[in-house]
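Working from the sequences, and respecting the hints, build out all of it.
Listed below are the residues making up each chain.
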Amino acid sequence: MLELVIVLVMALAIVSAFLMLITNNAVHSALFLIVTMMCIAFLFLTLNAPFLAMIQITVYAGAIMVLFLFVIMLLGADKLDAATVETPPERRYRLFLPLATALGFALIVMLGAVILGGRPLDREVPGRTPQIRVINAAPDAGEFEVHTSDGVLVSGVPFREASAFVDVPAGETRLLVHFEAIDRMQEISVPLEPNDAYSLIVYGEGAEPQITVVADDISTIEESRSSRVAVFNAYGTPISMIDPRSEFDENDTIVLIPELAPGQISDTFYVETGAIDWTFVNATNTSERLFRLNEHEIGIDDSELILFIGEPTISGANAIVRPSALPIIVEARPSFGGPRAIGYMLFTDFMLPFQLLGLLLLASMVGAIVLTHREAERAKGRGVGRRRVSRPLVNVIASQVGHEVTTATEEPAQLPEKMGE
Amino acid sequence: MPVTIDTYVIVSMVLFSLGVMGVMLRRNAILVFMSVELMLNATNLALASFANQWGSESGHLFVFFIITVAAAEVAVGLALIVAIFRSKKSINIDELHQMEG
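Chains as they are written, first to last, in my numbering: chain V, 1 to 421; chain E, 1001 to 1101.
Just so you know, the hints here were simulated from the structure itself, not pulled from any lab data. Just so you know, these numbers come straight off a predicted model, no measurement behind them. Even for Gly, the Cβ is constructed at its ideal location relative to N, Cα and C. Any given hint could turn out to be false.
Stated by the list, open to error - Covered stretches of chain E, going by a simulated chain V footprint (3 or more residues, C-beta under 8 Å):
hint, region
1, 1012–1024
2, 1035–1041
3, 1044–1052
4, 1060–1070
5, 1073–1082
Structure, rendered in structure tokens:
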């Protein structure tokens, strides 16, 4: 169905571009060009470029074509190519009646579709390169390097930190973690799929750190303005997570995760933005509270991975391991082709071209003013120089007659010279 | 009929060729200008379809820049046409031949 509509719109674009070429009336040409531009805006929508579609309609079909039509009408250039046959207005407009009715009906249908919950076109978003980051949640592991078959991927991630996302080619990938301090190698094989973001988590206390890879979807989701949280247990014992809604009533709690074994990741929670007060408790003895996220702020469109880790408070022989939560926050990736994605690229990779474009627009503004202003200035200068005395009189005559009085201007201009002789 | 990137590129090619035809065949300077706009639009369509194919937004940025450059070009071009019309009382490009050698 959508494919048929796309083909029809493509045909309409080509036909109206052709009509733009062959019609004699410049105004009709401009209107046909607007139809072609609207069709191209629709094609942009089907190409996962909603921002470009809006720009196409507002800037191209709107602003630029208004300028064209304005100049066409200003110069009276609409019938310069050939004289069109004048038909009485009543007959001309009667032909437009069915077209106007159909267009009005189409507008009502579209407005209804929008009001009754329109959805964007359901097109497949192109696959993005998978990304991977490394999170260090192992207090005793020391320095480590992560290798792929192509070389070192990430190295030197400190404890309680996460590396930035690194692009990796899709497919089955072997990741090798080399712990330099304790001279230990560990290997894991993961099938990396496009569009997914992965976290390689190094966790576990003592001299035997564990590694695991969890998939993480950080792309923007349908429910906009919401954030998501997942919990990973990097602690020694199974934990459970509750939401203590009341400070005073022990029983007024919601169990969010009944039991999370070590090395497991929970389901993703979709939460409202704001503060959360989730509490981690021992899974076997739920009255034993391990850690509480105190008024932890969740931002708009954030994708958050909370690692529950054991953090040693005193280094040395008599280390006390204290349970702690480590939130790793990453802003969700903007949807492909949307305004946020375009804006992000404009302000990062394309900042210099954007600035140069601003200069170009300034130059073109100055150019447009200079080109249209010079003529008027010269006419004014000539009037002051030669016809100073008679100019008001000529103006009055010209305004009375309705056009420039050429013969009348010559004689009064010569009059002062004769008087001087 | 499956719509692939080929379809978009063919449509873009056809629109571009129509624009070239307009630039070469029409006499009215404003219509020549509009044909140039059609060619830019055809290029934009091709760029957007390539961006979609590769999953990279750089193509979208180029379309954005082309639209902006087109706006600048229209501002200067229409100012030129107005200036020419003031001096020549015509915008037929066949009558503008004072620059021939």
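Hint check results:
1. Coverage of a stretch by a chain is defined here by at least three residues with a beta carbon nearer than 8 Å to that chain's beta carbons; for the region 1012–1024 of chain E and chain V the count is 6, and the condition holds.
2. Closer than 8 Å: that is the beta-carbon criterion, and the region 1035–1041 of chain E has 4 residues meeting it against chain V, so the requirement of 3 holds.
3. With a cut-off of 8 Å between beta carbons, the region 1044–1052 of chain E has 6 residues touching chain V; three or more are needed, and the interface restraint holds.
4. Against chain V, the region 1060–1070 of chain E contributes 9 residues with a C-beta closer than 8 Å to a partner C-beta. That satisfies the three-residue criterion, and the hint holds.
5. Look at the region 1073–1082 of chain E against chain V: 9 of its residues bring a Cβ nearer than 8 Å to a Cβ of that chain, three or more, so the hint holds.
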